[in-house]
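Please take these sequences and the hints and turn them into a complete structure.
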Amino acid sequence: MSRKILLLGGSRYALPVIDTAHKLDCKVYTCDYLPKNIAHKYSDGYENISIVDKEAVLNIAKKMKVDGIMSFACDPGVVTAAYVAEKMGLPSAGSYKSVCILQNKKKFRKLLLDNGFNVPMARGYKRIGDALEQMEEFLFPVIVKPTDSAGSKGVTKVESVDGMKSAIDHALGHSIDGEFIVEKFLESKGNPSDSECFSIDGELKFVSYSSQGFDGECGNPYAPTGFTWVPTISEPHQKELSSELQRLLRILGMRTSLYNVETRESIDGKAYIMEVSPRGGGNRLAEMLRYSTGVDLIELAVKAALGDTIGEIQDYTINDFWAEIILHSKKSGHYKGLSISEELKKYIVETDIWVAEGDLVENFSGANKAVGTLILRFDDKKLMSQVMSKPSQYVFVDVG
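First residue of the sequence shown: 176, per the numbering used here; consecutive thereafter.
One or more of the hints may lead you astray.
Stated by the list, open to error - Estimated spans, in silico, between C-beta atoms of each pair:
1) MET296 with ILE515: 42 to 48 Å
2) PHE571 with GLU308: 44 to 50 Å
3) ASP289 with LYS511: 28 to 34 Å
4) VAL405 with ILE303: 30 to 36 Å
5) ASN223 with LEU513: 31 to 37 Å
6) LYS240 with GLU312: 48 to 54 Å
7) ALA231 with LEU288: 33 to 39 Å
8) LYS520 with LYS198: 30 to 36 Å
9) LEU513 with LYS211: 20 to 26 Å
10) ASN494 with GLY391: 27 to 33 Å
11) GLU537 with GLN489: 36 to 42 Å
12) ASN494 with ASP534: 34 to 40 Å
13) LYS511 with LYS340: 33 to 39 Å
14) VAL336 with ASP443: 38 to 44 Å
Worth flagging that the hints you see were computed from the coordinates, not collected in a lab.
Think of the CB as a built atom: it goes at the ideal place given N, C-alpha and C, for glycine as much as any other residue.
Spelled out as structure tokens, the structure:
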């Protein structure tokens, strides 16, 4: 009899997970409160329930007698997956308590501070008034963001106290628990990294670093619009960050899991772990790493959720000059098409468009507003850097 896995969320990022699970002779059941989400068309069954309703998801998981539960590239479901796994004795990335710490920016910053990690000054709040009363403790600029949201949603850089109220309102609008964090703004030296890592029995076995690109002309200048896997973070700081990530996993007692990890090198000369979430990242990061390293992190994540034994991960290097462009629009309107320069076409490995002509497209304010991706493989670093520094000169999303 086929095993069963419950996958929280139904976005297109779930599609390779479903495909992989099916290849492993495992049935996949999806759930969320959006029945039109694309992944539900390809799963073996769908339940219309909120993935943040832990008890409802637990009841469904028990009813189905699932063998595993995952929330891949779906941040709101990570805590629920850990809760259900703990209640049912299913495989999980770590304890429910540890996962809750990783998924809450206030708790995570405190853990980092208490254990001697590099961490920016930060405070978490539920009330606007409490935050405003403590603004004398901060030097501007600061970053205001929800404590429990991903994809750069609800994030604002604030230059003075005058901008705090609107930034807090924006953050609270994207918070499930009605909580926000005020944090010292760390100016990056080079580009920050957002990529994937994997641990087996708490030991970090796969580490990667990327170089993010951004579009300052969009609604959210902190939502990445491009990736390469030629990091600008220095080699010494990469080694330091890898060591610190391992230390973090041991402190939290993490087990076997895929992680989406954000790190950066600051102009203050320090390297920082910004986010660690026990799930696959959005923006098809695990798929990009499968292309560039040959390591199938999605298969490893599915096996981890099922409790399968995972052998040693093969030796890997980042091969060639792989890049990803997150297709997006600078304005809202109806999708008319995609224009790609002739110069770029020969380097395209895959074009993935998520909208049809006439569909409503919104100004790019977060990862959930992307209209597709381009996967590219260049011959040399110079050309890749040239394209990725100004992708809008080579690719245009036509919206009318």
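Hint by hint, here is what the structure shows:
1. MET296 with ILE515: 42 to 48 Å: 44 Å, holds
2. PHE571 with GLU308: 44 to 50 Å: Taking Cβ atoms as reference, PHE571 and GLU308 lie about 47 Å apart, which means the hint holds.
3. ASP289 with LYS511: 28 to 34 Å: 52 Å, violated
4. VAL405 with ILE303: 30 to 36 Å: 42 Å, violated
5. ASN223 with LEU513: 31 to 37 Å: For LEU513 against ASN223, whose Cβ atoms are near 33 Å apart, the range 31 to 37 Å holds.
6. LYS240 with GLU312: 48 to 54 Å: 51 Å, holds
7. ALA231 with LEU288: 33 to 39 Å: 35 Å, holds
8. LYS520 with LYS198: 30 to 36 Å: Between LYS520 and LYS198, where Cβ atoms are some 31 Å apart, the hint holds.
9. LEU513 with LYS211: 20 to 26 Å: Taking Cβ atoms as reference, LEU513 and LYS211 lie about 23 Å apart, which means the hint holds.
10. ASN494 with GLY391: 27 to 33 Å: 31 Å, holds
11. GLU537 with GLN489: 36 to 42 Å: Check passed, 41 Å falls within 36 to 42 Å.
12. ASN494 with ASP534: 34 to 40 Å: 35 Å, holds
13. LYS511 with LYS340: 33 to 39 Å: 38 Å, holds
14. VAL336 with ASP443: 38 to 44 Å: Between VAL336 and ASP443, where Cβ atoms are some 23 Å apart, the hint is violated.
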